[in-house]
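Please build the complex by placing chain B on the supplied structure of chain A, with the hints as guidance.
The lines below spell out each chain.
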Amino acid sequence: MTTTYDDLLFEISKPGRIGYSLPESSIDQTDLTELVPDHLIREEPAALPELSELQVMRHYTGLSNKNFGIETGFYPLGSCTMKYNPKINEDIARYPGFAQIHPLQPEKTAQGALEMMYRLEENLKEVTGMDAISLQPAAGAQGEWAGLLIFKAYHHANGEGDTRRKILVPDSAHGTNPASAIVAGYDVVEIKSNREGRVGVEALKEAVGPDTAGLMLTNPNTLGLFEVDIVEIAQIVHEAGGLLYYDGANANAILGKSTPGEMGFDVVHLNLHKTFSTPHGGGGPGSGPIGVKEYLKDFMPAPRIEKEDDDYSLSYTHPQSIGRVKGYYGNFGVNVRAYSYIRSMGAEGLQQVSEDAVLHANYLKARLEPYYDTPYKDHCKHEFVLSGMRQKKLGVRTLDIAKRLLDYGFYAPTVYFPLIVEECLMIEPTETEAKEQLDAFADALIAIAKDAEDNPDMVTGAPYTKAVKRLDEVTAARKPIVVYQKD
Amino acid sequence: MTKQHRYLPTTEQDRKDMLDTIGVSSIKELFSDIPESTRATKEKAIELEEALSEQSLTKHMKELASKNTTTETHAYFLGAGTYDHYSPSIVNHVLLRSEFMTAYTPYQPEASQGELQALFEFQTMMCELTGMDVANSSLYDGFTSLGEACNLATSATKKQDVLYSKALHPQAKEVIQTYAYGMEYSVKEVGLNGTATDLDALKSSITDETAAVIIQYPNFFGTIEDLKEIKGLLEDSKGVLIVMANPLALALLESPGKLGADIVVGDTQPFGLPMSYGGPHCGYFAVKKKYMRKVPSRIVGQTVDKDGKRGFVMTLQTREQHIRREKATSNMSSNQALTALGSSVFLAAVGKVGLQKMAQQNINHAHYVKKELENKGMTVISESNFFNEFVVKLKRPLNEVTNILLDNQIIGGYDVSNELNEENAMLLCVTEKRTREEMDKLVSILTVEGK
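Protein chains in written order, with the working numbering: chain A, 1 to 487; chain B, 1 to 451.
There could be a bad hint or two in this list.
Pairs of lysine to any residue, SDA-like flavour, derived with a Cα cap of 20 Å [what the hints assert, rightly or not]: (1) Lys-306/B / Arg-119/A; (2) Lys-435/A / Ser-26/B; (3) Lys-293/A / Arg-119/A; (4) Lys-479/A / Arg-310/B; (5) Lys-87/A / Arg-6/B.
Calculated directly from the structure, the hints in this document are not laboratory data.
Isolated chain A, as found in the complex:
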């Protein structure tokens, strides 16, 4: 993992080097000076690097050696579902029939693409228990936003758009939930979790009213706990005239076990880059399809895919639609991978995924319980939270524990989230890790807990084995350097 390669592209550049071979062209030159006034012609060329092909490869290989992916090691990042990303799906997404097609080419020349999208939609309907799917949202947060705009359009259609202005969000929710509500034009009302880490029915009853547009819920929630009162919660929100949004970030826990549709949700999104194995790419691209119940179909983003006999087409005329949320039809290439994954697993396979994911999380929790505070005792679903309060008293913070884990060859769990747990470590092992791997990780966390007692300075000094030591994030924010500056 460690490497001494530290140069920036701009530092290894030398005028005259090239790393490309453009197609030959015998077409006469047309001078830009003949086409536009001089002030629209670039005076100073952009200072892009000049490198040979091997230099470029070595640069990025050097960088990749300073990066940690799932194939590097265990990646227990809570709420991120860092499962194995099957290699075959990378091959498939690169077939020219998927990668080398233009989104605006005639529909009859893209029947295979439309069929794949149609089939994926059908599969996702089944998995979510919803009646219609749109593949357009590019990621979970965009799915949330699209879903909340559907709430808005629905309330407007019912003449309640101006009165139903509030979205309820539990205090354990992902940060995207309240942020998405704001960009959908809503006010946010935070619902306090109860002592068991769940949405309290009483608190919810007090919060709902004629101004409620809806409730956003992750189930299981970010503490890894299933909202056991979900049926009653749905009833309370619906009776108040609101709608229910399912944040699918944690859907890996319930595949084949239950569906958001059965639980009473009206709109859901799934993160195909979490539950359905597409690579996270260091932050994206993801894919965040949304699903809705029948009565919300007309509000879905357009275009929608239609099938007649064996012909697939895109339909654009949906006057009540919230409109378009993204270019074209979503992150198609990501959706190809997710469809390939679903076809590789089948229904039984997906159910096994959730069973193993939940088993692994509970196993890790059981192994770690003696060494770390576990604020919630119930069995968890696919992830769980620990609190580093015991270690904090010894002068070792959760951040230090996270950094020390890097030295053991693991990535760190999600830390300091959810916000309602002090010194939180949120651990999601996923189903694709072998028991030996889980044990090695538990052993490391136990060793760190012991070091926190015996040798806290060693833990707070971590990491020691990475390309850099602890980075100064405060100065980075105070005096931002966000582009390369010579010397």
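Just chain B now, kept in the frame of chain A:
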């Protein structure tokens, strides 16, 4: 179920051992918190087709892929926001490195230096091209970047009207209308003069309430708008100039920053990213320094570690949803980091001189086709101030011509008849990839069939 799946390492024995440690007797017990009425049962189990082996999967996916017409067999003269360009082989090789591909957002910078540095370099190159001070590390695509720019502009100016040129990509218009529906501001269209923005109309549309003016550069019809003149129209206004630019054209065109743009957005798909039926592409977002703390999504910054060694971190995170929740500048979490990396590799390989050459080839090819069409008596609606796209007027309905082209292994241009209020107007795109033979073939078919 006891059938072992290739992606799942846990054996029956493992399951027994783990259940023992947990202290429960069955997996079922771990799911007993799901209320019975919502639980899947045999009767309401999810139904999917049988799981496929790797061989059957590839067969099935190849069958689907084979139903699509691709650049392997056809010459594409279709652009309209997504382009068939040259991409060096090494782009894909770098993207396949799993340390990049399978990583998450770099929450632990010490173990994510490779990704962070690559994104820092991406930001730098986008600032170079656009002439701006600060760029983020990508957004979903060019159109959503534009939507975010509108949100920034209305929030920064506290004004409610966004003006956009009719020469903006039709899907970009749709996306900003959705953004406006969310944040409840208004968007208004300014008409055309030929294939460019009507500057008189724009001038009279700008009011005290104008938050932003959006201009595409080159615009949707390929025409190069005069940003300097447009910036001049905003002189007495608080409104900001948002430019949505094709970054390839910026190799030769003056940077929007120099011409007065406040926010520059667009898509780096022309930089090495496959068309992939519309995504994943890569939005970029660049601003003048004064808007730095209002930028949406991730920004990478340079810092030092405790030994004083240079390193990189995600910075200015108090803008972001995971810290600020409802006070964030945007709801974005995932971005398009991997495609941003792809475009960076592309730029590193093609480089300073190569990018200018490539852009020049686009101009040469597009203008060659335009001149050939005109020489053979066709009407070209666009004036000569275009980059690699222009509009030609046909005498027959477009779909008929498109079908004839298709029979000749050509994907024809995009129908802009509605946008231009002209019958049978086709937006043609000619990139560096088109050969003289392909161009001549297009011209000869259009001059026979489109006349």
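These are the hints, each one checked on the structure:
1. Restraint check for Lys-306/B and Arg-119/A: not satisfied, since their Cα atoms lie roughly 52 Å apart, outside the 20 Å limit.
2. Of the pairs offered as hints, the one joining Lys-435/A and Ser-26/B holds, with about 17 Å between alpha carbons and a cut-off of 20 Å not exceeded.
3. Restraint check: the Cα-Cα separation between Lys-293/A and Arg-119/A comes to about 18 Å, which is no more than 20 Å; the hinted pair holds.
4. For the hint linking Lys-479/A to Arg-310/B, the alpha-carbon distance of about 14 Å falls within 20 Å, and the restraint holds.
5. Restraint check for Lys-87/A and Arg-6/B: satisfied, since their Cα atoms lie roughly 12 Å apart, inside the 20 Å limit.
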